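Trainee: Residue numbers (this note's numbering), protein chains in the order written: chain A, 55 to 188; chain B, 55 to 188.
Check before you lean on any hint, since a few could be wrong.
Pairs count within a copy or across copies, as identical chains cannot be separated in the list.
[What the hints assert, rightly or not] Taking lysine to any residue and the SDA-like style, the derived pairs with C-alpha atoms no more than 20 Å apart in a straight line are: (1) K94 x T139; (2) K94 x P180; (3) K110 x K186; (4) K132 x P180; (5) K110 x Y162; (6) K186 x R125; (7) K110 x P88; (8) K94 x L175; (9) K132 x D177; (10) K186 x H158; (11) K132 x V179; (12) K94 x Q151; (13) K186 x T156; (14) K106 x A116; (15) K110 x Q155; (16) K132 x A145; (17) K94 x M169; (18) K94 x D131; (19) K94 x V140; (20) K94 x H137; (21) K186 x P121; (22) K132 x A93; (23) K86 x K186.
Think of the hints as simulated: they come from the structure by calculation, not from any bench. Predicted model only: the values in this text are computed from it and were never measured.
Number of protein chains: 2
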Amino acid sequence: MYFHSMAKLLSKLLPVFVCTFFFMLQSSAQNKEPYVRIAKIVVDSLQLENYKAALKEGIETAIRTEPGVLRMYAMYDKENPTHITVFETYANKEAYQSHIQTAHFKKYKTRTLNMVKSLELIDVVPIAFESKQQ
Amino acid sequence: MYFHSMAKLLSKLLPVFVCTFFFMLQSSAQNKEPYVRIAKIVVDSLQLENYKAALKEGIETAIRTEPGVLRMYAMYDKENPTHITVFETYANKEAYQSHIQTAHFKKYKTRTLNMVKSLELIDVVPIAFESKQQ
Numbered sequence: 055m056y057f058h059s060m061a062k063l064l065s066k067l068l069p070v071f072v073c074t075f076f077f078m079l080q081s082s083a084q085n086k087e088p089y090v091r092i093a094k095i096v097v098d099s100l101q102l103e104n105y106k107a108a109l110k111e112g113i114e115t116a117i118r119t120e121p122g123v124l125r126m127y128a129m130y131d132k133e134n135p136t137h138i139t140v141f142e143t144y145a146n147k148e149a150y151q152s153h154i155q156t157a158h159f160k161k162y163k164t165r166t167l168n169m170v171k172s173l174e175l176i177d178v179v180p181i182a183f184e185s186k187q188q
Numbered sequence: 055m056y057f058h059s060m061a062k063l064l065s066k067l068l069p070v071f072v073c074t075f076f077f078m079l080q081s082s083a084q085n086k087e088p089y090v091r092i093a094k095i096v097v098d099s100l101q102l103e104n105y106k107a108a109l110k111e112g113i114e115t116a117i118r119t120e121p122g123v124l125r126m127y128a129m130y131d132k133e134n135p136t137h138i139t140v141f142e143t144y145a146n147k148e149a150y151q152s153h154i155q156t157a158h159f160k161k162y163k164t165r166t167l168n169m170v171k172s173l174e175l176i177d178v179v180p181i182a183f184e185s186k187q188q
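Excised from the complex, chain A in its bound form (with noise of 0.2 Å):
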């Protein structure tokens, strides 16, 4: 009689259970990949020089101090000086997610909140990634 409950009971929680697991299964996929973006910022001429100076003081700071921040390229166009693109790579998502709640990442943004006109950000996915040995 015991042993037909627990049977019955098993049986209704058998699909919570596969649920869970694959669950459990994606997400550990998803904190194993990294995560790729490209943040496009138009930022106010009058405070160029400001803002490229906050950007990289910024980067410097998240490269030294976080272990999940893994790249950071900041760069101008040469025709347009006022478009700056960055492109990062953090070990996973939540790497990023622990990224934006550092410090030094906060005061970037506020000391920044009124140089930039424009933030557009782009997840991408590597097709190849190549680079010569350092």
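Please arrange chain B on chain A, whose structure you already have, making use of the hints.
Mentor: Only chain B this time, still in chain A's reference frame:
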């Protein structure tokens, strides 16, 4: 008399020497600067997989065989998979000019000619290029 005409000749040639010196100085400074570029490519959706394979092969060959090709990161937009971005760093402008003369680059160009719907090339200037030591 001989000394006098030599001095006169030299004084006439002096501006030429000075100009040549500054021109050489400038050229040598230009050649030492890394050449960094973003290529934005829109690909025919029906040929996307073939295009990505050709691009990956071209990048891997360039990094492996060309000393002046330092970094090539190719990616597609998650939301618009036909929109490709390639972020390229060459040791200098000459390394880029040599790259586009290679057999593998010409092969890539020929192979992808009918796959590419648009191509935009943007010269950029680094603000901060930081990455974790590998």
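Trainee: It remains to establish, for every hint, whether it holds in the given structure.
Mentor: Outcome of the hint check:
{"no.": "1", "hint": "K94 x T139", "in the structure": "both (5 Å within a copy, 13 Å between copies)"}
{"no.": "2", "hint": "K94 x P180", "in the structure": "both (18 Å within a copy, 14 Å between copies)"}
{"no.": "3", "hint": "K110 x K186", "in the structure": "between (24 Å within a copy, 15 Å between copies)"}
{"no.": "4", "hint": "K132 x P180", "in the structure": "between (25 Å within a copy, 10 Å between copies)"}
{"no.": "5", "hint": "K110 x Y162", "in the structure": "within (10 Å within a copy, 36 Å between copies)"}
{"no.": "6", "hint": "K186 x R125", "in the structure": "both (15 Å within a copy, 6 Å between copies)"}
{"no.": "7", "hint": "K110 x P88", "in the structure": "between (22 Å within a copy, 18 Å between copies)"}
{"no.": "8", "hint": "K94 x L175", "in the structure": "both (6 Å within a copy, 16 Å between copies)"}
{"no.": "9", "hint": "K132 x D177", "in the structure": "between (24 Å within a copy, 6 Å between copies)"}
{"no.": "10", "hint": "K186 x H158", "in the structure": "between (30 Å within a copy, 18 Å between copies)"}
{"no.": "11", "hint": "K132 x V179", "in the structure": "between (26 Å within a copy, 6 Å between copies)"}
{"no.": "12", "hint": "K94 x Q151", "in the structure": "within (19 Å within a copy, 28 Å between copies)"}
{"no.": "13", "hint": "K186 x T156", "in the structure": "between (31 Å within a copy, 18 Å between copies)"}
{"no.": "14", "hint": "K106 x A116", "in the structure": "within (15 Å within a copy, 32 Å between copies)"}
{"no.": "15", "hint": "K110 x Q155", "in the structure": "within (18 Å within a copy, 35 Å between copies)"}
{"no.": "16", "hint": "K132 x A145", "in the structure": "between (30 Å within a copy, 17 Å between copies)"}
{"no.": "17", "hint": "K94 x M169", "in the structure": "within (14 Å within a copy, 26 Å between copies)"}
{"no.": "18", "hint": "K94 x D131", "in the structure": "both (11 Å within a copy, 13 Å between copies)"}
{"no.": "19", "hint": "K94 x V140", "in the structure": "both (7 Å within a copy, 15 Å between copies)"}
{"no.": "20", "hint": "K94 x H137", "in the structure": "both (7 Å within a copy, 15 Å between copies)"}
{"no.": "21", "hint": "K186 x P121", "in the structure": "between (22 Å within a copy, 8 Å between copies)"}
{"no.": "22", "hint": "K132 x A93", "in the structure": "both (17 Å within a copy, 14 Å between copies)"}
{"no.": "23", "hint": "K86 x K186", "in the structure": "between (24 Å within a copy, 17 Å between copies)"}
Comparing the model with each numbered hint stated earlier shows that all of them hold.
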